[in-house]
Structures are given as C-alpha cells and as structure tokens.
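Q: Given next are the chains, with one letter for each unit.
Protein chains: 2
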Amino acid sequence: MLRRNPIKIREAISRVMEFAEPTDIQYLSLLEANGYYLAEDLISDHPVPPFDRSPYDGFAVRSRDTLNASSKSPKLLKVVGSIGAGQIFSGVVGADETVRIMTGAKIPEGCDAVIMIEAVKEVDVDGEASIHVRRPIESNKNISFTGEDIEQGTTLVESGAYISPGIIALLATFGYNRVPVRKKPKVGVIVTGSELLDVDKPLEPGKIRNSNGYMVYAQTMRAGGDAVYLGKLSDDFNESFNFIASSLSEVDVLITTGGVSVGDFDFMPGILDKLGANVLFNKIGMRPGSVTTVAEKDGKLIFALSGNPSACYVGFELLARPFLTALSGAKQPYLEKTTAYLGADFLKRNPFDRFVRGNLSYNKGKFIVTPLGLDKSSVVSSLAEANALIVFPAGTKGYRKGMEVEIILLESKGISTDLFGMEEKGEGD
Amino acid sequence: MLRRNPIKIREAISRVMEFAEPTDIQYLSLLEANGYYLAEDLISDHPVPPFDRSPYDGFAVRSRDTLNASSKSPKLLKVVGSIGAGQIFSGVVGADETVRIMTGAKIPEGCDAVIMIEAVKEVDVDGEASIHVRRPIESNKNISFTGEDIEQGTTLVESGAYISPGIIALLATFGYNRVPVRKKPKVGVIVTGSELLDVDKPLEPGKIRNSNGYMVYAQTMRAGGDAVYLGKLSDDFNESFNFIASSLSEVDVLITTGGVSVGDFDFMPGILDKLGANVLFNKIGMRPGSVTTVAEKDGKLIFALSGNPSACYVGFELLARPFLTALSGAKQPYLEKTTAYLGADFLKRNPFDRFVRGNLSYNKGKFIVTPLGLDKSSVVSSLAEANALIVFPAGTKGYRKGMEVEIILLESKGISTDLFGMEEKGEGD
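As you go down the protein sequences, you meet chains A and B in turn.
Take the first sequence: its position 247, counting from 1, is numbered 247 in full-length UniProt numbering, and each next residue is one higher.
Take the second sequence: its position 172, counting from 1, is numbered 172 in full-length UniProt numbering, and each next residue is one higher.
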C-alpha cells in the first residue's frame, strides 16, 4: 500500500517551483513576439525624441525675432522652407525668417521655438510666402527636446515581462527586429481511465467521454505552453509504463490525468516507482485534488493530476500553471491573488484548504465572487463559468454572503501583485 | 479645408458597432477551439452522469442486507465481482452479495448503495472473498444519480461565449468533436508617415522607427483578429490611394495609422473622399485621439487612427477592439469597465473626455490605478506598463489620489459586466 503524507499546498507549490528553469532563448520577429516573455532587458538604443522636434504643425522661428510682435503691429517673417516629418531643413534659418514645420519634424538650425499654425496669419508679400506673428513667443516654447521622454541606455522593460502590444511598440522604437524570448515549453498530455471514450465516439454503457485531456490541453495553452496531446494509457501496466517513459523523453513536461487514486487500475504510482522518479509529493491537504502527485525524473517534472475533472482543473491551475509560466520565462509566474466579497453563502465546513470555482464580477471597484455549483467534485458544468478560485482555509466554516474571501484570478495576465502562496501570512493557519 | 464635427466617444462607438456583423462560421477541432467564440449554443447530448455511478472506490450493496449490521455482529457479504470505471457488471446482485466497485463505475443491477472501501473489512471465508459490514447503510447512499449534474438537452453555454478551458471540457463531454466558431476577421494594417524607418534600419536624422504598425498588429491579435501587416503608404497620393483601395479588397477590416491630421502629407481624408467612403466621423471630443476617423466602404470599415502612438493606442482600444471582438462572434464585445481608486494626483483640467493610460493593481479586493507618464501624447514609454485606461470626463479637473474614477480594463477576458459606453448614465455630461 502506497504511503501518502499530505503536505500543505504552499509547500507543494514551493517544491514544484524549485525545478522551474526557464527554457532556452529563441529570437522571434517582432510580429511573432506578442504574448511571449522577454528574455533580456529592453534598453533604449537612442534618446526619445532622437532630436529636437516639433510637437505641432506650425512655424519654426527664432524667438528673438518676435520680441516686439503685437496684434496692432504684427511681425512679418519670410517662409524660407517647408518640412514634413522625416524631412530636414538643410540650411540655417536667419533673421526674420521662418520654416513651415509639420508635427514630428526636426527643428531647423537657428530656430528655438515653434508657433502653432492656428496662431499665425499666412500672407503673401510681393509673391513671397510670409506669416504675421501677433505676439512674442518665448525661447524653447513648443519644442520636444532630445531625450525628454527617454534617455539613451535606459532599461525600459526588465527581462521576464509579458510582451503586450505596448511593449511591442517599445521594441519597435528601439530597433528590436529580432526579439529574445523563451521557447514555449513542450508539454505532453496523457489521459488514463478505461471508462474514457474518444470525443467523436457514441456513448456506451458505463463509459464517459474524455474531457480532461482536452481541458488540460487548453489549460496548457492558456498557461503559455506548447501542448501535445499524446493519447490514453492502456489497461496494461507494462504498456503504460513504456508509453510514459518514451513520452517523457520527447517533451519538457508531462501531465497525466487520472490513475493516481487507490483504485485497482490506478497505475501512476507504480509507473513513477518503476521509473525511479523522485516523488515530490503524492498527497496535498486540500480539496479537491488531494491525490495530486508530482514527480521528477532527470530534471523533468511529471504532473499526475486527478482524474476527477474539478480536481484536475484545480491541480493544474495551482501547480502546473505557475511552473509552465516560469519555464516560459515570466518574472512573475503566479496567478493573481486578491480578496473579494462573497456573492452567496458557503456554509460547509472546510477541514482542509478548499479551492472552490467561482464566477467573479466587478461592481464599483469591488470584486464580487459567487461560488459555482455545489462543489461536488464531479460536477463538470461549473467549470464553464469559473474565472476565479475561492480560497477557504482549513479549519474554517460558515462563510456568509458579503464576507471577504481570498481569491485567485484565472484569466488575469500582466497585472502584477505578490506571489501566490509565498506571502508571509499562512493559509489555514 | 476638411470639415470636422466632433462627436462624443459613446456616439462614435455606437456608429462603428452598427457595422459589426459576425464573420462566417467555421468548424475547428476541439484542440484548436480554445480562445475563439462559440457560434452556437452548447447543448448536452446526454445526462450527466449518464448512468447511476459510484462516487467512491467501495462496495455496491443492497441496503436491506445491511439492516442489522453492527460492530458486534458484522454482516458478511460475498464479493461476486469487481468492476472498474468503464466496466459493467453483467449479472444481478442477489441477497447477501456485493460487488467491488471503482470510482465512476456503473452501479450493478440489484444494488442501491455504495459502502466506501475504508468502512469495510475484507475477509476470506472458505476461500471466498467477502466483506464485513459493521453498520447499516441507507438506500441511495453514495450514488451519483443519472442526470444529477446536467439533464439531457440543457443549454449549458450560449452562443457568443469565449471558449475557455472549462468550456473545452464541456464541449468534449458532450461530443463536440468539431466546434462551431466564427472565423477570425482578417485585418490589414498600414502605416503612414515619411519619417518612419523600418525597425531593422539604423536611425537617420529627422526620422524615427515605425512602432505603430507593430503595436496595432499586436493589438489586433490581442483583440482576436487575424492581422496582416501590409506596409507603409508612399509619399505619392495616387499610389497611396491605389494601395488603400486594393488592400481593402483583400481584408475584412483595414486599419491605418497616421495621415489623418491637417499636415501637408496627411492623405487619409483625401483618400477616403476619393474612395467614395461613408465617413462615420472624423473628429471625437476626446484626448488623445481626437482626429480618429472611421469610414465605411461597401460594408467594410476603415479605421484611420492617429499617427501619435498614444492616440493610436487609445483609438484602437476604444473603437477597433470591440468591433473586432464583435466580428469574432463575442456576445459581449466591450472591454470591462469598472471603478478604481486613483494611486496618484491627476490635476489637469479635462476640457474633453480624457483617456489616460494607467497601471492597475489589486489591493484587498480594491483596484488602485496609477496614471502613467505625463500623458504627453508623444510618450511611448508609458505604453509598456498600461493595463487600464482611466476615464476623466469632459468638464472635470483636479482629481486627487484616493478619489474614485472609472477605468477600462485592457487585459481582461471572459469576465463580463455591462457594455462599455452603452450605460444609462452619460460620460462627461
């Protein structure tokens, strides 16, 4: 009989994360890099703006020429050129001269201010384009100066950041044609259970369709992994052992569902034993998912999740998700944790840390979270609406609507708080 | 001179969304469907559980056989079979008989309860496997009944839902081998601006690297579109016109950046005019992005966004994002809107509705949002950390740290609230 020593979920996460080595660096084109994690610091290769430039459409002038301008006695300046963004004025602007300038264009030599186009009157003087300036302009007015936004050599984004469209813009600005990112970890998904039918097969007495395999595949993709669906274990132990062993050699991470309980066909403990794998834990003091097992073999992790859909889901999100996100190079691999107000009573006793699927909504800057279903761990239907897990610590009971609870956000990305499970205060203590 | 009549952002969104027709339906395999929007209701094709089954590993019994069982006088039942999940017991269980049953297996005929494996003692009586039952069990105890979770024919998820891993599990359970989803809309991205250098080119005096094109490409992908980067408009009006016209015929939606202001090389208004496009609006009473222009030609929309990075970003998120999400078949295409507490002062006057990029964090169930940068619309750097837009309505000023403000969440997905811009109460009224 297999010995099982339950540990706390925080300890389980910690044991898993010790093996979280980021994958190799690869270089992607800027069009492909969105959604990966940056593998090096993003550093400005030039100041922004790269030159003194006009923030408006207008006329570049020498401010001293406008000293005595007034509406009664407008100052006449001769337009000696016109430059659009990307163009430069090759000469030097002299006394009582001006250059028509478009937004973003470089301030011509000699000028020290820009008058907005609406503030001047364009006139024709003896066939020469000129403008009337009606009041003085200060030196340095309406100029965006070199380096005003960003100095050269500034670290703008640190390695490990999630590459959002805003970061894509920065990468483009600073010439990152090829973007250093971590490879997506290759994750093999295997299901176990002789009761499982393929999704395209008609139902048979005693059987159910395989849903965990597809769910874990999708969870892996959401976690930033590169999922490969490898199929189903057979009912033969040796065949199953060989399949697991050969699969492990082809992937970075292996995830199985089912076969970890105490049933007669639960091969996973025996397979891990025969593999000589280092079992990090095979029991967690939590519901659902208490039989979640993780083992290490040659530096690779095998996540043996429960065959129960809810337990499988929760086990993945708490353990496999931060692990895969860390492999993908994220500086902050944990799901967001915050507090919310219960939208309904949850009166059950919680002898163990309990993670209940919840539906989260926002209302006036507050989170309201409603427990889904009855938390019967066999209920598949509540998975559809789940976008958060509600944390009920061990030793608690009788939660009422309106009470504050801790929640873990399942769909968040790129919004950083502290690490899940790693805070100072304990869970269920 | 082009006439521009500014409209409110709410009205602009409404005019755009009138053209939001979902794309055609396609059928994807279950492994590919994650992240799309469901194009039909998901209906259960069978009850769940599909048969009466055991929720535990144990022994299926006839409860009346256990009526007089006690620890002093345990009842002996003969084990006449053993069934795992997916197996069925072919006979009928008779008086004082039991069947060893694994979690998920079908309750054998004749039995009406399951005793958990830990609650019995397995004994050998004259070479025959038997168990000792130490107390009576009620009829119907420890049985998951047919249809207890879900009845056949139930609508579980409505058309237009975002397909999350939980919904993937439901689709698998109910045999959706091919999943009906809307095609990703094909979106052409074109940049304008003679000052723009390709990202792999060294800097030149007066020029900057093209960042908007890559940013809008990434924003389009985040919005669920299928982006195609088409390149840069030339400085020649007729060439540019032909490029826009031919590009439009190859995509579902066209997005351009730049060329919509009043500069000498701002071709977009002229091109839209020559196309005979129906201009929905060419000025919005908001900052940044007031020159954002949207036009319709033969039922397709052209989003002519500002060339200023921040204005381009905001114009995309407020107008193009919900449009693309609606084309992808989402029932709720709008970004989440909620309230948050300001993390810093924002003292500027807001003569127009203002959308300031903000960084959002969670703290004890509350949102704290910190305005980024100085909101100088040329500042690229603040885009990196933006995960929310703060809404400062027209006619307001002097927002202080700790005050409540409306925000729009940029990274949310699948968490539903009301529609952005469509509420009863007005913005800036």
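Just so you know, not all the hints are guaranteed correct.
Cut-off 30 Å, straight-line C-alpha distance, at most; resulting in silico cross-link-like pairs (DSSO-like, lysine-lysine) [stated by the list, open to error]:
#1 LYS201(A) <-> LYS401(B)
#2 LYS8(A) <-> LYS366(B)
#3 LYS366(A) <-> LYS183(B)
With beta-carbon atoms standing in for the labels, derived distance ranges [to be verified]:
#4 LEU347(B) <-> ALA344(A): 56 to 64 Å
#5 ALA344(A) <-> ASP24(B): 50 to 58 Å
#6 GLU250(A) <-> GLY94(B): 28 to 36 Å
#7 VAL79(B) <-> LYS397(A): 44 to 52 Å
#8 THR155(B) <-> GLY147(A): 56 to 64 Å
#9 PRO351(A) <-> VAL79(B): 38 to 46 Å
#10 ARG349(B) <-> GLN152(A): 39 to 47 Å
Facing chain B, a subset of chain A residues (Cβ under 8 Å, in silico) [claimed, not checked]:
#11 HIS46
#12 PRO50
#13 GLY81
#14 GLY84
#15 MET116
#16 ASP126
#17 ALA129
#18 SER130
#19 ALA172
#20 SER194
#21 MET221
#22 PHE243
#23 SER261
#24 LEU383
#25 ALA386
It should be emphasised that the hints constitute simulated quantities derived from the structure, not laboratory data.
Think of the CB as a built atom: it goes at the ideal place given N, C-alpha and C, for glycine as much as any other residue.
Q: List, from low to high, the hint numbers that the structure doesn't satisfy.
A: Structure breaks hints 1, 3, 4, 5, 6, 7, 9, 10, 13, 15, 16, 17, 18 and 22.
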